[in-house]
Amino acid sequence: MTEININIEDLAVSTPNIVLKTISFKGQLDETNVDEKAKLIYALFEKDPKNLYLLFNFSDLEYMNSKSIGYLTDWYGKVSEGGGKIVIASARPNILDILEVVGLTQLINCYPSIDEAKLALLPEDSANAAPAA
Amino acid sequence: MGINNNETTTSSINTDSINIAGSKKEKVIEICITMPTQAYFLSGIRDFTLNLIKNMTEFSEQWAYRFQSIIDELCNNAIEHGSKEGEIIKIIFQNSPKEYIQIMVDDSGTGPDHLKASEITKLIEERKNQKVVNHLIRGRGLPKIVAEWTDELEFSDNPDGGLRVRVKKNLNDPKMKEKIGNNLENPNHIVLN
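As you go down the protein sequences, you meet chains A and B in turn.
For what it's worth, my numbering labels the leading residue of the first sequence as 0, then goes sequentially.
For what it's worth, my numbering labels the leading residue of the second sequence as 4, then goes sequentially.
Please keep in mind that the hints were generated in silico from the structure rather than gathered at the bench.
All values reported here derive from a predicted model rather than from experimental measurement.
Every clue listed holds true.
Per the computed footprint, the stretches of chain B lying under chain A, defined by three or more beta-carbons under 8 Å from a beta-carbon of chain A, are:
| hint | region |
| --- | --- |
| 1 | 37–45 |
| 2 | 67–73 |
| 3 | 144–151 |
Note that beta-carbon positions come from the ideal geometry of N, C-alpha and C, so glycine has one too.
Work out the full structure: start from the sequences and follow the hints.
In structure tokens, the structure reads:
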């Protein structure tokens, strides 16, 4: 299995009823690992189906295949249905390139830094978004 | 893995070559890889492709990464649909210096839902022309990534029953000019401008 580490971190927010998480990817998403790792993200929806705000940190994501983009599209749909939002931060040029060619950047906004992504995700909470205790 | 240096002249390069009178074209370098039908090996193939394009061609780094995606999608398609476990798939890289990169992936035709060239051509065309955004997990690799990032995408049936997928990317991305033989009459030959 190609190596990929996914770290999920809760961020404290002052806005009530909002669940904010950063999901950091390190490694490569491909056919050997994407199905298994996708379950981690789907588990988030099961726990918090409503008002889930996700920041995908792609700064250490080296490669993603078309199936992982498919999952990303599905997550976007689920998050949107629940009144939440997804943003992508710090994607490498090759990752941005893939996201653009399949049209995903028309659905999910990509930001060059995590701070900008947080600001876009929850503008009113950007100053207060800190790791949950 | 085998490496062949096939000396070719202008007249023997297929179809869309530009005639350079009085000059000897550089050799087309061919590298062949056979691998088992297992996705486990794809990360190695991706790394090989990335470094091959970066170090052996004049394509930019952006294109080296794009070829990484292209080869991954082509091989994954062969593994998933074209060759059953225990069989092999074959990857052929052809580099015509200063001209083009061509990649061919052959499967054995023993895969569980193996398609003929005409069937997959039709499927790809439908997906490329889809007006509705694809919300499915699958179905983006060939029609989106491979089709968008190559100048030619062709499916053909191998005599042994397998499928060959051929892609070609021109270094200078010229518009398709007159051809020797008419590939456009071949319904399995998708030419992308």
